[in-house]
Amino acid sequence: MKLGLRLTLPAQVLVLFISVFPLLMQLYISLTDWSPLSGAPWPRAWEFWNSFANYTDIPGDRRLWAALGRTLLVMVICVPVEFLLGLGLGLLFVEDFPGKKLAYSILIMPMMVVPAVAGYMFFMLFQSGGPVNDLLSVFGPVTIAWLSDPWLALVAVMVADIWQWTPLMFLILLAGLVGVPQDQLRAATLLGASPWQRFRTITLPRMKVIITIALAIRAIEAFKIFDTLYIMTGGGPGVATETISVYFYKITTNDLIWGYVAALALFILVSLSIAAQFAMKRMAR
Amino acid sequence: MTRAILRTLAILAALAVTLIPILWMVSMAFKPPSEWQAAGEALTWVPRAPTLDNFRYLFGQGGSDLIATLDRTAVKPILSSLLSASVGTLIAMTCGTAAAYGLSRFGSGANLPLALIQLRLFPPMAVMIPVMMMWAFLGLMDTWFGLALVYGIVTLPFAFWLMKTFFDDMPKEIEEAALVEGCTRWRVFTRVTLPMMAAPLAAASLFVFILNWSDYLIALLLTTREWVTIPVYMASLSSSMTGQLYGAKAALGLIAAVPPVVLGVLIQKHLVRGLTFGALKQ
Chain A
1 MKLGLRLTLP AQVLVLFISV FPLLMQLYIS LTDWSPLSGA PWPRAWEFWN
51 SFANYTDIPG DRRLWAALGR TLLVMVICVP VEFLLGLGLG LLFVEDFPGK
101 KLAYSILIMP MMVVPAVAGY MFFMLFQSGG PVNDLLSVFG PVTIAWLSDP
151 WLALVAVMVA DIWQWTPLMF LILLAGLVGV PQDQLRAATL LGASPWQRFR
201 TITLPRMKVI ITIALAIRAI EAFKIFDTLY IMTGGGPGVA TETISVYFYK
251 ITTNDLIWGY VAALALFILV SLSIAAQFAM KRMAR
Chain B
1 MTRAILRTLA ILAALAVTLI PILWMVSMAF KPPSEWQAAG EALTWVPRAP
51 TLDNFRYLFG QGGSDLIATL DRTAVKPILS SLLSASVGTL IAMTCGTAAA
101 YGLSRFGSGA NLPLALIQLR LFPPMAVMIP VMMMWAFLGL MDTWFGLALV
151 YGIVTLPFAF WLMKTFFDDM PKEIEEAALV EGCTRWRVFT RVTLPMMAAP
201 LAAASLFVFI LNWSDYLIAL LLTTREWVTI PVYMASLSSS MTGQLYGAKA
251 ALGLIAAVPP VVLGVLIQKH LVRGLTFGAL KQ
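Here the protein sequences line up with chains A and B, keeping their order. Just so you know, the UniProt record's numbering puts the end of the first sequence at 285, numbered straight through with nothing missing. Just so you know, the UniProt record's numbering puts the end of the second sequence at 282, numbered straight through with nothing missing.
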């Protein structure tokens, strides 16, 4: 066998192993009512055959659609905020100033913190007797129960996400910003262009690809949000902060309705594939 | 002048917001139980009576008056995190580097770049049921190597893409010279290319290690008791008497946070490349 093929073989095997087997198993289980508690091992799941009942259950699954809506809400708020903050910070770091390296190293720390640990940090910060309320108390006594209020809990989760992932935007956007030719910017300044004009006509066009990459990466990861959120609220109070991943986790481990979970997983995978194809075509243009 | 002042203020504000959550956890980790929660009085930002008890407690030494000793210390979870993340990194880097070289030099496996990006796109949660079923069947549930294998697959896209961009950037002349000297292609790869790529390999490995070390969800699903990793163990730390063990959890969080932060600073200049799948090279 040719060396090139031999070298790529292990990776190919792993990819097949993680995509083909799970998909086939998922497809099989999704057509049944099988669950780990059924008493039969999964190859005998056909004994619980229910055709497409799992799939027809999806449209009426209110908890699912609420979780999806919440996930998208977190996405459309957090990703743009992270982008704007990251861009602003990036612009501050284009020019040199004393202590720049140290400041840079500190600012990118949050994204290196284990997300579960970051979740725990913010869990502590948002306790009703915690530092956040303590800082707010300069305006008068505050005892907000952040994590037990449906909306405030969501706000707290988003604050944690923004804290952790703004550095990623900052890092990527700064890499793009330093690539913008300084002489052009200087020439534009001499010609009397305002900072906003310079940014819009020189910086922005050059940053297009980088901005797209940064937004795409963050949007994908934000859609999967689990660790910080689950540690902070467990999806609660009630189901108030349940996102797609949290909902999946709960019906997998608590409700154990694996036939339905499999159907849902396939549904999500197919929808995401279509969305990705669509997005890539748009981006290619 | 005013611009410089404004910029300094903005950066100081950003630094404060960045550091407060981290410093609060550090402070918490050194507080005795009596200072964990503000009891009527003002919050203690800096521990009044700093102590190492939280760390001692994690490793099974003397519970204080408030909390009973742990029945399971943090030693095994730390070991589990280390083992599964390292071996997962080894799997991802071995398969990823070989495949990246195969594609970069021989054009084999042209389907891999896109297939691996797609792998990254999907929420891991959506393929975990079949993995759990297979793992139960293979006896890999609640073992560190079962976890390592999944980590290896999950981080393979990063290992592959990173190494691919490094190989693409490498000048081919040296390899060609070695080929002319009569080396086989395999020998060129192992004796010429890989040693030359030592620094990129190290950076990519550290990057992949950070990703594996950071996992929570996969370990939450695939380990139950014997081989739970640090984040899973941390979430389970609480006592029936006092509820949340704030200090002990913060101490463990600190232990978990230090390695990736230190490694991250070490590979700072490769971070952008890693995080963007090599699309940006800084």
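Because the hints were derived from the structure by calculation, they are not lab data. One should not assume that every hint holds.
[Claimed, not checked] Stretch by stretch, here's where chain B covers chain A in the computed footprint (C-beta under 8 Å, at least three residues):
{"no.": "1", "stretch": "13-19"}
{"no.": "2", "stretch": "168-175"}
{"no.": "3", "stretch": "215-229"}
[What the hints assert, rightly or not] Covered, in the sense of this in silico footprint (three residues per stretch, anywhere, with C-beta under 8 Å from a C-beta of chain B), are these stretches of chain A:
{"no.": "4", "stretch": "3-9"}
{"no.": "5", "stretch": "244-254"}
[Said to hold, decoys possible] Negatives, chain B to chain A, calculated, CB over 12 Å:
{"no.": "6", "residue": "T18"}
{"no.": "7", "residue": "R72"}
{"no.": "8", "residue": "K76"}
{"no.": "9", "residue": "A100"}
{"no.": "10", "residue": "L119"}
{"no.": "11", "residue": "D142"}
{"no.": "12", "residue": "T143"}
{"no.": "13", "residue": "P157"}
{"no.": "14", "residue": "D168"}
{"no.": "15", "residue": "G182"}
{"no.": "16", "residue": "V192"}
{"no.": "17", "residue": "A199"}
{"no.": "18", "residue": "P200"}
{"no.": "19", "residue": "R225"}
In this text, a Cβ means the ideal position worked out from N, Cα and C, and glycines have one as well.
| message | So B/D142 supposedly isn't at the interface. Is its beta-carbon more than 12 Å from every beta-carbon in chain A? | response | 14 Å, holds
| said: Count the residues of the stretch 244-254 of chain A whose Cβ falls closer than 8 Å to any Cβ of chain B, and tell me whether that reaches three. | reply: holds (count 6)
| query | Can the stretch 13-19 of chain A be counted as covered by chain B under the rule of three residues or more with Cβ-Cβ separation shorter than 8 Å? | reply | n = 5 at 8 Å, threshold three: holds.
| request: May I ask you to check that B/P157 keeps its beta-carbon over 12 Å from the closest beta-carbon of chain A? | output: At about 9 Å from chain A, B/P157 fails to clear the 12 Å cut-off, so the statement is violated.
| B/D168: least C-beta distance to chain A exceeds 12 Å? | 15 Å, holds
| message | Under 8 Å between beta-carbons, do enough residues of the stretch 215-229 of chain A, three at least, approach chain B for the coverage claim to hold? | response | Our answer is that it holds, as 6 residues pass the Cβ test (under 8 Å) against chain B, meeting three.
| task | Would you check chain B against the stretch 168-175 of chain A, counting CB to CB pairs closer than 8 Å, and say if three or more residues qualify? | result | holds (count 4)
| query | Since B/K76 was said not to touch the interface, does its Cβ keep a gap of more than 12 Å from each Cβ of chain A? | reply | 17 Å, holds
| query | Can we trust that B/T18 is non-interface, i.e. its beta-carbon lies farther than 12 Å from all of chain A? | reply | Given that some Cβ of chain A is not farther than 12 Å from that of B/T18, nearest at about 6 Å, it is violated.
| task | Would you assess whether B/L119, listed as outside the interface, keeps its beta-carbon beyond 12 Å of every beta-carbon in chain A? | result | 7 Å, violated
| said: The output says B/V192 does not contact chain A. Does that hold with a beta carbon cutoff of 12 Å? | reply: 14 Å, holds
| query | Holds or violated: is the Cβ of B/T143 farther than 12 Å from all Cβ atoms of chain A? | reply | 17 Å, holds
Going through the hint list in order, the structure does not satisfy hints 6, 9, 10 and 13.
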